[in-house]
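There are 2 protein chains.
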Amino acid sequence: MKATVESAGFKAAAAALDRDFERHIADTIRLTEIASPPFKEAARGQAYLELLKQHGLSDVEMDAEGNVMGLRRGTGGGPIIAIAAHLDTVFPEGTNVTVKRTGTRLAAPGVGDDSRSLAVLLALIRAMDAAKIRTKADILFVGDVGEEGPGDLRGMKFLFTKGKYKDRIAMFISADGTDAGSSIVNGAVGSKRYRVTFKGPGGHSYGDFGIVSPAFAMANAMKKFGALTVPASPKTTFSVGVVGGGTSVNSIPFETWMDIDMRSESRAELDRLDAAFKSLVAAAVAEENAARSTAKGKIVADVKITGDRPSGHTAASETIVQIASASVRSFGLTPSLTFSSTDSNIPISLGIPAITLDAGGASDRAHALDEWIDVEKTSSLRGMRIMLATLVTLAGMQ
Amino acid sequence: MKATVESAGFKAAAAALDRDFERHIADTIRLTEIASPPFKEAARGQAYLELLKQHGLSDVEMDAEGNVMGLRRGTGGGPIIAIAAHLDTVFPEGTNVTVKRTGTRLAAPGVGDDSRSLAVLLALIRAMDAAKIRTKADILFVGDVGEEGPGDLRGMKFLFTKGKYKDRIAMFISADGTDAGSSIVNGAVGSKRYRVTFKGPGGHSYGDFGIVSPAFAMANAMKKFGALTVPASPKTTFSVGVVGGGTSVNSIPFETWMDIDMRSESRAELDRLDAAFKSLVAAAVAEENAARSTAKGKIVADVKITGDRPSGHTAASETIVQIASASVRSFGLTPSLTFSSTDSNIPISLGIPAITLDAGGASDRAHALDEWIDVEKTSSLRGMRIMLATLVTLAGMQ
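Just so you know, the sequences run in chain order A and B.
In this text, residue positions in the first sequence follow our numbering: the first is 9, and each later residue adds one.
In this text, residue positions in the second sequence follow our numbering: the first is 9, and each later residue adds one.
Everything labelled a hint here was simulated from the structure, so no lab data went into it.
Warning: the hint list may mix true and false statements.
Which copy is meant is left open, so a pair is good if it fits within one copy or across any two.
[To be verified] Derived BS3-like pairs: lysine-lysine, alpha-carbon spacing no greater than 30 angstroms straight-line:
(1) LYS243 x LYS207
(2) LYS243 x LYS306
(3) LYS286 x LYS232
(4) LYS243 x LYS304
(5) LYS108 x LYS48
(6) LYS306 x LYS231
(7) LYS48 x LYS140
Required output: the full structure, derived from the provided sequences and hints.
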C-alpha cells in the first residue's frame with residue numbers, strides 16, 4: 009500500500025482529485041436533483057449511463073433490472089473488480105430534491121445516500137485517466153438500482169446471479185455514504201421482512217360477539233413476537249413496523265395485518281428467529297381459533313415475504329479487507345470493521361469478497377427530508393483517496 | 009287498541025296508506041338519493057324540512073344541531089308525543105346513492121337505514137290528514153341527525169337535553185329500519201367507544217432495537233382486552249374494530265392506535281367493562297416500559313372517548329310498550345321485545361318511555377353498499393299501520 013500511495017501515478021491521481029473537486033460537487037448536485045424513487049430510477053439511471061459513456065468506459069449499458077455500468081478495461085487477464093453506488097433513494101415521487109448549498113454543506117433528500125458516491129465514482133475515473141493509471145484487472149463501474157428497503161437489493165441480485173458479469177466479479181466495493189472514511193463494512197446484516205395478514209369471517213361487533221377476531225389473533229402473535237429473546241452478539245433484532253386493518257369501530261375486522269422486520273449479523277441466528285416467528289404466528293392463529301367461536305369461519309394467517317437480505321461476513325483476513333485497512337491507515341486514520349445492510353450483502357452471501365466504503369466528509373439525517381452532507385475538502389478528498397488507493401491496489405496498478 | 013283499529017277514522021287512514029303507497033315509494037327513493045353522510049346531513053335535512061312544511065305541520069324548523077321537525081297540533085292539553093327517523097347514513101361523501109328498483113325491491117346505500125322511515129313519517133301525516141284524525145296530544149315529527157356511529161346520537165342528545173322541546177316530550181318512538189314490523193325495541197344497548205393511541209420515542213428497527221415499542225404495548229393491551237370475561241346476560245360485548253400506526257417496516261413506530269367498542273344491555277356491566285379496559289391499558293403501558301429500554305422515552309397511552317351511548321330499559325309494563333304490543337297483535341303478529349342501539353337510547357336513559365319500531369317489509373345488508381329493502385305491499389302496509397295505530401293511540405285519537 010505504501011508503494012501505491014507513494015507512486016508517481018497515484019500522486020498524480022490524488023492531485024487530479026483536488027483540482028477536479030468543484031466538478032465533483034457539481035456532479036453530486038446534478039445527480040441529486042434527478043429524482044430517483046424506489047423502482048423509478050430510470051431517469052437518473054439514463055443520466056448516469058450517459059456520464060459513464062462520456063467518461064470513456066467501454067461496454068456501457070443498462071441491464072434488464074435497470075443497473076447501468078461500464079468497464080474500464082485493464083491490461084488483461086485479471087478478474088473483474090466491481091465498484092458500485094446506488095441510484096435509488098428512499099424518497100417518493102414529488103419530493104423536492106433541490107440541493108441547498110451553504111458553504112461546504114449540501115442539503116437535499118438523497119444527497120449523501122447515495123448521489124455523492126455516484127459522483128465519486130466518476131471522479132475516480134477522471135483521476136485515473138488524468139494520471140494515466142492502468143490496472144491489470146478490468147474495473148466495472150456500476151450505478152445500481154434497488155438498494156433501499158422496498159428494492160430489496162434487486163440490482164445486486166440481478167448483477168450477481170443473472171447479469172452478464174455474474175461469476176466474473178472477483179471482488180466488490182460498494183461506495184455508500186459520506187462519513188469519516190475509516191469504516192470498512194465487511195459484515196452483512198441480513199434481514200427478513202414479512203407482511204402477515206390475519207383473516208377471519210368478520211361481523212358486527214355486537215351481533216356477532218364471540219366469534220374469532222383477526223385483531224386478537226394478531227395481538228397474540230405480536231405479544232409472543234415481542235417476548236422472543238435474541239443474542240446481543242451476534243446482534244439480532246426484531247420489530248413490528250406498521251400495523252393496519254379493520255373497517256369500522258363497530259365491526260369485527262375481517263382482516264388485520266402487520267409488517268415485521270428481523271435482522272441479524274448471523275445467518276444461523278436469523279434462521280432461528282425466522283423459524284420462531286413462523287411458529288408463533290401459527291400458534292397465535294390456533295389459539296384464537298380455540299378461544300372463540302369458529303362457527304362463521306376460522307382465522308387464517310397469510311405470511312408473505314417482503315424482504316430477504318442475506319447475512320454474511322467477508323473475513324478480516326481477506327485481501328479486500330486487508331488492502332482497505334492498509335489504505336485507511338496510510339492516510340492516518342484507524343480502520344474500523346463494521347456490520348451493516350448494504351449492496352455488499354449479496355456478493356458476501358455468495359462468497360465473493362466484498363466491502364462497503366464511504367467517501368469521506370460528514371453527513372446526517374439520511375432517509376429524512378433534511379438529509380445533508382458536508383463536503384469539507386480535506387476530509388472528503390481523504391475519503392476519496394482511500395477509496396481510490398483501495399481500488400487501484402485491488403485491480404493491480406501498473 | 010281494538011277500538012282504535014276498528015274505528016272509522018283509523019280505517020280511513022289505513023285505506024289512505026294503501027292508496028298513497030306509490031307516493032311513499034317515490035318519497036323513499038327521493039330521500040335516499042340525497043346523500044347524507046355523518047355530520048353532512050344538511051342537504052337531506054333541508055329537503056325534509058320543506059316536506060314537513062308541505063305536509064302542513066306547524067313550527068317547522070331546523071335546530072342548532074341540524075335536526076328538522078314540525079308539530080301536528082293536538083286538540084290541546086296533552087303532552088308531546090315525538091316520532092323520529094334519522095337523516096344520516098353510514099356512507100361517506102361520494103358514495104353512489106342511486107336507487108335500483110327491481111319489482112318491490114329497492115337497492116341503495118341507506119335506503120332502509122333510514123330513508124324509508126323518513127318517508128313513512130310523511131305517509132302517516134298524509135293518512136291522518138286524509139282521515140281527518142285529530143289527537144289530544146301534539147305529535148312532533150322529527151328527522152334527526154347523528155344516529156350512526158360517529159354521530160354518537162348527537163341529534164337525540166340535543167333534542168332531549170338542549171332543544172326547545174326538552175322536558176316536554178312524554179313519549180318517544182324511533183322509526184328505524186324495514187323489517188317484519190313485530191319487533192319492539194324497548195331495551196337500549198349502551199356503548200362506549202375509544203380511540204387509544206400508544207406513543208413512544210420511535211426509532212430505527214435495527215439501530216434502536218431494545219427500546220420500548222408502541223406496537224408491543226398495544227398488542228399486550230389487545231391481548232388482555234380479548235381475554236376479558238363478560239356475562240352472556242345481560243348481553244355485554246367488546247371488540248377491537250380498527251388498528252393502525254407505524255411509518256415503515258424498518259422503523260419502530262412512534263405511534264400506533266386502535267378503535268375499540270364495548271356494549272352492554274346493562275349500565276352496571278358497561279361501567280365494569282369500561283373500568284377493566286382502562287385498567288388494562290395502563291397495565292400494558294407499564295409492562296412495556298418495564299420490559300424494554302425507556303432510555304429514549306417512555307410509552308404513554310392517550311385514551312380518547314369517541315362514543316358514549318347510555319344503556320337502559322323501558323319497562324314492558326309501560327304504556328308505550330303495552331300499546332305497541334297490542335297494536336302488533338291486532339294485526340296478527342306476535343310482538344317481540346328486544347334490545348338494540350338506536351335513537352331511543354337517549355330518552356330511555358333519561359327515564360322517558362321510548363321504543364323503536366320498524367315499518368314492515370324486509371331488508372338486508374344495512375351499512376353495506378349493497379343494502380336493499382323489499383317494500384312488498386302487504387307486509388309494508390301492515391308495518392306502517394302498526395306504527396300508525398301505536399302513534400294515534402298514544403296521542404289520544406279523538
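A quick look at each hint next to the structure:
In the homo-oligomer, the alpha carbons of LYS243 and LYS207 lie at most 30 angstroms apart only across protomers (26 angstroms), although the nearest pairing inside one protomer, at 33 angstroms, exceeds that limit. Within a single copy, LYS243 and LYS306 get their C-alpha atoms only as close as 37 angstroms, which misses the 30 angstroms cut-off; across copies the closest is 23 angstroms, which meets it. When the C-alpha separation of LYS286 and LYS232 is checked against a cutoff of 30 angstroms, the pair qualifies both within a copy, at 11 angstroms, and between copies, at 22 angstroms. With identical chains, the CA atoms of LYS243 and LYS304 are at most 30 angstroms apart between copies only, with a shortest distance of 20 angstroms across copies and 44 angstroms within one.
Taking identical chains as interchangeable, the C-alpha atoms of LYS108 and LYS48 lie at most 30 angstroms apart only when both belong to the same chain, with a minimum of 23 angstroms there against 44 angstroms between chains. In the homo-oligomer, the alpha carbons of LYS306 and LYS231 lie at most 30 angstroms apart both inside one protomer (20 angstroms) and across protomers (18 angstroms), since each shortest distance falls under that limit. Within a single copy, LYS48 and LYS140 get their C-alpha atoms no closer than 36 angstroms, and across copies no closer than 74 angstroms, so neither meets the 30 angstroms cut-off.
In this structure, only the earlier hint numbered 7 is contradicted, and the remaining ones agree with it.
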